[in-house]
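Under my numbering, the first residue of the sequence shown carries the number 1, and numbering increases by one thereafter.
Among the hints, a few may not be true.
Stated by the list, open to error - Keeping only pairs whose Cα atoms sit at most 27 Å apart, straight-line, the calculated DSSO-like set for lysine-lysine is: (1) Lys78 to Lys61; (2) Lys456 to Lys397; (3) Lys301 to Lys226; (4) Lys246 to Lys213; (5) Lys113 to Lys86; (6) Lys78 to Lys97; (7) Lys390 to Lys456; (8) Lys98 to Lys78; (9) Lys78 to Lys213; (10) Lys397 to Lys442; (11) Lys61 to Lys226; (12) Lys226 to Lys249; (13) Lys238 to Lys426; (14) Lys95 to Lys226; (15) Lys78 to Lys442.
Unchecked claim - If you anchor each label on the Cβ, the simulated ranges turn out as follows: (16) Ala69 to Ile495: 37 to 47 Å; (17) Ala83 to Arg330: 18 to 28 Å; (18) Val471 to Lys238: 43 to 53 Å; (19) Val66 to Ser334: 52 to 62 Å.
Quick caveat, the hints were computed from the structure, so don't treat them as lab data. The C-beta atom is built at its ideal place from N, Cα and C for all residues, glycine as well.
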Amino acid sequence: MIGMEFLKGSAIFGLVVALWDKIKSFTWTILSIVFQRIELTTEDVHEAVVNYLISNYERSKIYDRVYGADYSQFRNGKYALVAYEKFGEKSLLFKSKKRIFWFIRPFFVFSKKAMSFGNENNPNASESQNKVLSVITCIRGTLDFDALILQATDNRNLLSSNHEDQIGQMEQQDRFNIFYVPDLNSDSHHRYGGHDNGLPWFKQSAYRLIGNKPEDLGREFTGKGKALDNLFYPADIKNLIETIGKWVKSKDWYFSKGIPWKRGWLLHGKPGTGKTALVRAFAEDLNLPIYVFSLSQLSNKSFTSAWREMQTNTPCIALIEDFDNVFHGRTNISKNGFFPNPMTHNHGEQSNDNTEIFTPLTFDCLLNCIDGVDKAGGIFTIITTNDITKIDEAIGKPTNNAGKTGFISSRPGRIDQAIELGNITKENKILMAEKFLGEYPKELAEIHKHIETELKETPAQFQELCSQLAVKAYWDSEDEIQRQIAEVTKMERNINLN
């Protein structure tokens with residue numbers, strides 16, 4: 001008898017399990033008379049809505065909390081663990097701004113839903129199929145979903161993109177940052193690709209920092225005052241540098257003249273001439289983010305995707321360093337043949353079985369992004385190379401007018417200026433020496449003798465020489481101070497003994 005009851009119970013349980021989806025569907029059909037639900041199916045809209053709700057809606061204090069901590073860089077140069085609470089990983093209750101019965105503001109529920117990527121029976125199915133990241137459920141009529149999604153996306157665009165009519169705000173914002181493309185070593189909320197859209201994770205409303213402030217985090221500045229004042233270049237190059245500051249603020253004028261609001265420079269010269277230092281100084285002084293592209297680790301798809309995402313954070317600098325290490329002419333020499341794709345999560349290139357074949361970036365794809373049909377504004381492209389002979393004419397090379405090399409490149413539109421950075425001049429050596437050794441007359445006289453030899457040196461070589469002399473002079477002076485303190489202490493001790 002007991003066995004029969006057990007079998008009946010098992011049969012009923014099995015029937016409920018088999019019909020569970022239909023039961024849920026029927027139940028929701030009844031409930032949907034009163035309640036309404038929407039699903040968010042992309043990470044971009046999920047993150048935009050989370051940030052917007054946290055910033056603009058009153059939420060219940062009763063919820064399951066999610067904490068984390070990650071190592072991040074501080075403005076003072078420190079690299080330390082930063083604790084935070086992250087919103088949007090668990091269900092949250094928010095108060096609607098609409099009232100029912102004239103005085104009641106009902107709650108609505110934002111809940112994170114487990115993601116289902118692709119089709120279980122077809123592992124090669126698209127990731128976007130059957131993927132729901134989060135769900136919003138409310139009493140019908142108390143939430144305008146169209147308005148909410150539009151406001152959330154507009155808010156995200158406002159934070160990510162800085163237009164000419166916001167130039168006053170932009171100058172006050174702390175936009176300087178360095179993003180590496182691809183960034184294989186960082187978590188999803190730190191990496192450039194994916195869904196950051198140029199906004200550092202610690203500035204997003206979805207993260208509540210514990211014990212730190214957003215303004216404390218970010219890239220360290222190279223020094224006090226203007227970064228470009230710490231660099232030493234000939235007058236003609238300094239004049240070019242000044243034009244970039246004007247370019248950043250001249251979007252409307254460019255559009256009124258039908259001129260693309262973009263610039264491109266090719267910096268060439270042997271190692272140590274200050275190519276990378278110049279780019280970073282630009283970014284600091286103009287308060288621009290830098291996107292550093294590692295071409296050898298990018299395919300056509302990933303480069304195109306990264307370039308497109310970068311456009312959400314303009315104006316910005318796109319830096320492609322040591323171009324000649326990747327392309328000789330139009331040939332990508334960094335990768336020979338095909339091999340498994342090393343990109344584990346950037347820009348959705350990795351397949352489920354981790355055996356996707358990686359195809360190296362092609363020269364045509366690179367050109368199309370820099371100056372193709374879609375001419376994106378607000379990007380200052382800088383390419384550096386140690387060997388100008390390996391640069392194809394299609395990128396842009398120095399022009400030659402009556403035997404004199406000028407700054408105008410052979411391919412304006414992609415690269416406007418081709419600028420050679422060479423050895424440091426005698427005049428700039430004197431200026432640099434004064435900066436490093438002005439308080440040490442003996443060492444300054446020594447370096448002036450060195451300058452008179454007119455030895456050809458790069459800025460990096462001469463700066464290292466000045467630095468060594470300055471450091472030695474500083475420690476010698478410190479040792480002398482300590483010696484004098486010791487003598488005074490000894491004399492005082494002897495007086496006390498007598």
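Output the indices of the hints that this structure fails to meet, ascending.
1, 3, 4, 6, 8, 10, 11, 14, 15, 16, 17, 18, 19
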